[in-house]
Amino acid sequence: MVQKALEVGFFGESVVPGHSLTLDIPEEYMFQLKCAALDHKAKNGPTTLYISTERNPTKIPICTLNVNKHAQWNVDQVISPMDGEITLTARGANAIHLTGFVEAEEEEHEEDHEDYDSSDDEGETIVEINHDIDSEEQEEEEQEEIEDTGRFEVIEEIFNAPEKTEVVEQPSAENNEENHSTDNELKGNEATEEGNKD
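Going by this note's numbering, 51 is the number at position 51 of the sequence shown; the sequence numbering is gapless.
Hints in this document: simulated from the structure, not taken from any laboratory. Some clues are possibly wrong.
Below, a list of computed lysine-lysine pairs in the DSS-like style, where the Cα atoms sit at most 30 angstroms apart [said to hold, decoys possible]:
#1 K59 to K41
#2 K43 to K69
#3 K4 to K41
All of these numbers come straight from a predicted model, not from anything done at the bench.
I would like the entire structure built from these sequences, with the hints used as guidance.
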């Protein structure tokens with residue numbers, strides 16, 4: 001039995017028939033087994049790859065490879081830290097070569113958690129901003145109504161203002177007498193001037 005600890009990045013190992021490979025997955029890592037393949041020098045005959053985990057110790061066949069039929073297989077199996085240690089075993093005529101990759105998951109979870117928290121805060125902020133915008137819009141509308149009311153009142157005042165009438169002074173009785181006496185004096189003066197000419 002060969003035991004190895006996984007590290008972030010590319011994974012590549014071989015499992016020889018009759019032996020097993022045990023991988024320890026740290027809590028902050030995620031392991032993805034991508035491909036199982038036979039070597040170009042592989043002998044004729046089937047070889048089966050089995051997997052078992054600490055959580056489920058039963059050996060489960062993942063694929064059976066054969067030089068003439070399936071020399072390679074896309075496994076695409078994701079294994080999480082919750083599964084505990086995993087053991088890969090080969091049975092058959094050939095060694096199986098495995099490839100995959102290991103990702104660090106802790107940082108992503110923290111980022112997701114921070115994104116979730118910040119999105120919650122943003123949601124609350126948006127609600128507050130919307131509330132402020134609504135009240136500002138309402139105040140603006142009320143102000144416009146007040147201004148409009150003032151405009152309409154001014155227009156009303158202009159249209160309802162009393163019409164200006166031109167006042168023509170009528171001569172009073174005294175003015176008539178004064179004008180009459182002035183006319184008589186003028187006529188008398190004219191008559192005197194004519195008499196003097198004669």
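Checked hints:
no. : hint       : in the structure
1   : K59 to K41 : holds (27 angstroms)
2   : K43 to K69 : holds (12 angstroms)
3   : K4 to K41  : holds (26 angstroms)
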